[in-house]
Amino acid sequence: MTDLDWVPDGIDINVPSVARTYDYLLGGAHNLAVDRRMGDEMLKVLPGARRLVRINRAFLRRAVTHLVAEGVDQFLDIGSGIPTVGNVHEIAPDAKVVYVDKDPVAVAHSRLILSGCDRATVVQADMREPEDVLSRPEVVGLLDFDRPIAVLMLLVLHFSPDSEDPVGYLARYRDRLAPGSALVISHATADRRVDTMREAAATVRRSNSQDNLVYRAHAEVTELFTGFDLVEPGVVGVALWRPDGMGDISDDPDDNSQVYVGVGRKPGGGSR
Amino acid sequence: MTAALPQDADGPRARAKLAKKWAYLLSARTFIPLSTPELERHLLGLVERLWVAVGSDALAQKVGHEVGGALVDLNCTGPEGLQCSVEVVARGLLGMAGDGPRDRVVDVVAALAAGFVQRVKATTLEQQEQLGRSLYRAMRQVQLELQVSQSRYDVLENGTSTGIATADVSGELVRVNGALGRIVDRPPAELTGTSLFDLVHEDERELLRADFADLAAGGTTSITQPNRLLRADGELAWVALTLSPLRRHEGGNQVVVLAEDATDVNLLQGQLNHQSLHDVLTRLPNRQYFTSRLEQALRDADPALGVTVYHLDLDGFSLLTGGLGRPAGDHLLKVVGQRLEQVVAGEDAMVARFGFDEFAVLVRNSPATPDVVTMVRRINDKLSEPFDVRGHRVACSATIGVVHRPPRDASPHDLLDSAALTLRRAKGNGRRQWELADPAQDTRDRRMFSLAATMAGAWESGELAVLYEPLVLLSDGQVVGGEALLRWDHPRLGVVPHEQCLALAEDTGLTVPLGTWLLRAACAQAAEWSAPVRVSLTARQAGDPDLVGEVRSALADTGLPPGSLWLGAPAEVVLADTDAADNLRILAEAGVGVEVDGFTAAPADLVAVANFPARAVRVHRPLTDQPAPLVARALAELLAVVRSAGIAVSVADVSTSAQAEWWREVGAETASGPLFAPAGPPEAIADQL
Chain A
1079 MTDLDWVPDG IDINVPSVAR TYDYLLGGAH NLAVDRRMGD EMLKVLPGAR RLVRINRAFL
1139 RRAVTHLVAE GVDQFLDIGS GIPTVGNVHE IAPDAKVVYV DKDPVAVAHS RLILSGCDRA
1199 TVVQADMREP EDVLSRPEVV GLLDFDRPIA VLMLLVLHFS PDSEDPVGYL ARYRDRLAPG
1259 SALVISHATA DRRVDTMREA AATVRRSNSQ DNLVYRAHAE VTELFTGFDL VEPGVVGVAL
1319 WRPDGMGDIS DDPDDNSQVY VGVGRKPGGG SR
Chain B
3 MTAALPQDAD GPRARAKLAK KWAYLLSART FIPLSTPELE RHLLGLVERL WVAVGSDALA
63 QKVGHEVGGA LVDLNCTGPE GLQCSVEVVA RGLLGMAGDG PRDRVVDVVA ALAAGFVQRV
123 KATTLEQQEQ LGRSLYRAMR QVQLELQVSQ SRYDVLENGT STGIATADVS GELVRVNGAL
183 GRIVDRPPAE LTGTSLFDLV HEDERELLRA DFADLAAGGT TSITQPNRLL RADGELAWVA
243 LTLSPLRRHE GGNQVVVLAE DATDVNLLQG QLNHQSLHDV LTRLPNRQYF TSRLEQALRD
303 ADPALGVTVY HLDLDGFSLL TGGLGRPAGD HLLKVVGQRL EQVVAGEDAM VARFGFDEFA
363 VLVRNSPATP DVVTMVRRIN DKLSEPFDVR GHRVACSATI GVVHRPPRDA SPHDLLDSAA
423 LTLRRAKGNG RRQWELADPA QDTRDRRMFS LAATMAGAWE SGELAVLYEP LVLLSDGQVV
483 GGEALLRWDH PRLGVVPHEQ CLALAEDTGL TVPLGTWLLR AACAQAAEWS APVRVSLTAR
543 QAGDPDLVGE VRSALADTGL PPGSLWLGAP AEVVLADTDA ADNLRILAEA GVGVEVDGFT
603 AAPADLVAVA NFPARAVRVH RPLTDQPAPL VARALAELLA VVRSAGIAVS VADVSTSAQA
663 EWWREVGAET ASGPLFAPAG PPEAIADQL
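Residue numbers (our numbering), protein chains in the order written: chain A, 1079 to 1350; chain B, 3 to 691.
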């Protein structure tokens, strides 16, 4: 009388995982053949995919470094994926960090990596349910909600269609954060390379991935920061946000604006 | 053997330049989790070590190897990173070595490549192993959770007295617990593979199928309803069935069926409690519950805004149940209940079912509450959205009585009475009507209804009598017969005249039996007179399927020749394609004199009457009043047309001799009205005949 003819989302090794494909494109080996197949398909359509992943990861480093310099020492990294290299707790060695992902493999892996580290932990949860995420013992145990927290949502919101009301659930995160808290977003767009990006989304869809790409225009990404004051230079192409080296940009100018990024601060708090 | 290295002052600068160039090229090709200055510093360290190694046989191999590994540790794992590193390092070292140990540069760079490959391989294997471990852990975690919930489920399923089954989308049971087996007195194994619907009483199958189809098609809310299950011993088991959707990642959706044995004492208690305040079919509050909530709302609603009560009656509900059957009607009632709840979802409101096809809505008004007109429109708009019931597209409408902002001290019962009276008035205006309560009107209505309520008793005790109004030949003033009329001598209110008697009879459903009684009395009287008698039928009487039979038996029983019975019926039913027209046509063909009442000589009526075997047409006021000369000429010509079709003209409500004279001139045959003798007992006519 057992009913085990199903496998939960993310553990079915016949279905590619966004987190593991990202790891592959970043040069990691925490991935399976099915993930590499999706990655290779993606490279066919969008040859710059590796560069995009590289400069997005470089943006994460700059954003976190900026916030640390501003005095933020708590991070909630939502959609953190497989922690290969350049993770938040490594970039900010004195900060407290909670990683959140819904992919059970990414979470199990993060747990493995983080074992023995008492200022970083990981939670398996769905970003679309802020009340659940923010009430987990790991989250409330490690983070102090009376002080600023930076919520990072890198390359995840473009898997959330408008029907899920991302502006609405982001507001529910915002309401729980102390003044001075931050929101960091990177989000793919089809404002340029329209056909290529449409083909890229179709590639993901064809792969039977659990997640599908939803591109947003500049104004729509800006709207995601509702209730936050955008830090200079606002919502811009990923490479245009305070670059400081070759590693932050791509030779192909289209790459540099293929992903919009921004950092917002919740008003009311002082910054250092 | 150690070869000398150039030790000029340019050395450090050259090495720093090499590190900078290396960092530039590398960071454009691969992600390195360091800022540019950090990376340059890091690579400068590697360059320094390589430079030392170039100067030492002992170190060349070892350091080259280590630097290759260090590159991989920086996340430089791809071919591009290696290629650019080999190029930039080899060129740089060769440049710096000048004429020095160029061979050792080659050794160092070769070792770097080897070290790189070795570390990439090791890292890949290590990461793959880690991934495998993570996959295993994630899977194990899920399995553990699953085992816990599975064993919890097993305990629950085996230990509970609630019947639990899982059905596929077709209703086939794929899993059945022992309790369900006991409820229906069959082994669970025998039940799997059979259809859930076969297990349910025949009368409830359709409804259950509809609910089930909702869930299978993606409905998300559980549905609970009382049902009867068929037991193996032929008895029925009363249960509360709850259907819940079960979404599955792979394979089709399923439906979980819970059957709570309704004979269970606790459950019964709970149900009785619930049922005493709720309607069983729609699960809405009933009148009792509504009344107590109304009392409370009157007390504590915002005095400036008050409450509003809507009393609804579905239009044509009996027609629907008559045509599509009772289960269809039940389904409709459930849908109506749900829709009303949707309409007031944003309000502090209660929806109740009052009875058969009546619902009520109580709204505690807020500043944002829409006005009554909007609310009524929303209700009827929502109700008129069609839906499927047993393969038919059905929509409905409601007639609504509204009590808006009654005084706070009103009693809930008076308020509901007022709503009901208002509803009746609205119904008098047709379908999809609505009306606001009007206290003055209420008093009048209330008197009429109390009168109507006592009518049946009055008839039995002989308070109702038949009087005869003389019908006069205009040509010579002779009385040719009488028109039978009802009169109620009410002990308190005095005389209730014919028209009001008929209106009261319509309200109480007495029309047909009272009409039959009047008809038989009139026929008997006419036979005694040996003169014609006229009886006016209401529209409802004229369309009664038994009319033809009743008339025939009245004629047969009294021996009155059919031509001596003049039956009047309203023009709008005689001259239309109605059951009444069919009835009267049959009677006319049998020789009965059918008269078209309320004839207006409108062109359409004229055409219709020419095609109908009528004895006569009768005109009433205001047409009776002598018309202006121009109209008079036209009317005279039209009536000539009627007469030329062999149809007589009769005129009622004649009050002056001038009117009588005019009508005589245009060829009218008979007349009645205040000018002549009033209605009286049969003897009065007999004297004049």
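In short, the hints are calculated from the structure, not lab data.
A hint or two may mislead.
What the hints assert, rightly or not - Across the chosen pairs, the derived CB separations fall in these ranges:
#1 A/Cys1195 <-> B/Arg142: 14 to 24 angstroms
#2 A/Leu1121 <-> B/Thr226: 50 to 60 angstroms
#3 A/Asp1210 <-> B/Glu343: 27 to 37 angstroms
#4 B/Val258 <-> A/Asp1273: 44 to 54 angstroms
#5 A/Asp1210 <-> B/Ser368: 25 to 35 angstroms
#6 A/Asp1210 <-> B/Thr244: 19 to 29 angstroms
#7 A/Asp1273 <-> B/Arg433: 53 to 63 angstroms
Said to hold, decoys possible - Residues from chain B that keep clear of chain A, each with C-beta distances beyond 12 angstroms, as calculated:
#8 Ala25
#9 Pro39
#10 Glu42
#11 Ala140
#12 Ala234
#13 Gln290
#14 Pro414
#15 Asp419
#16 Asp478
Just so you know, even glycine gets a beta-carbon here, dropped at the ideal spot from N, CA and C.
Exercise for the section: Identify every previously stated hint that the structure contradicts and give their numbers, smallest first. Expected result: When the structure is compared with the hints, numbers 8, 9, 10, 11 turn out to be violated.
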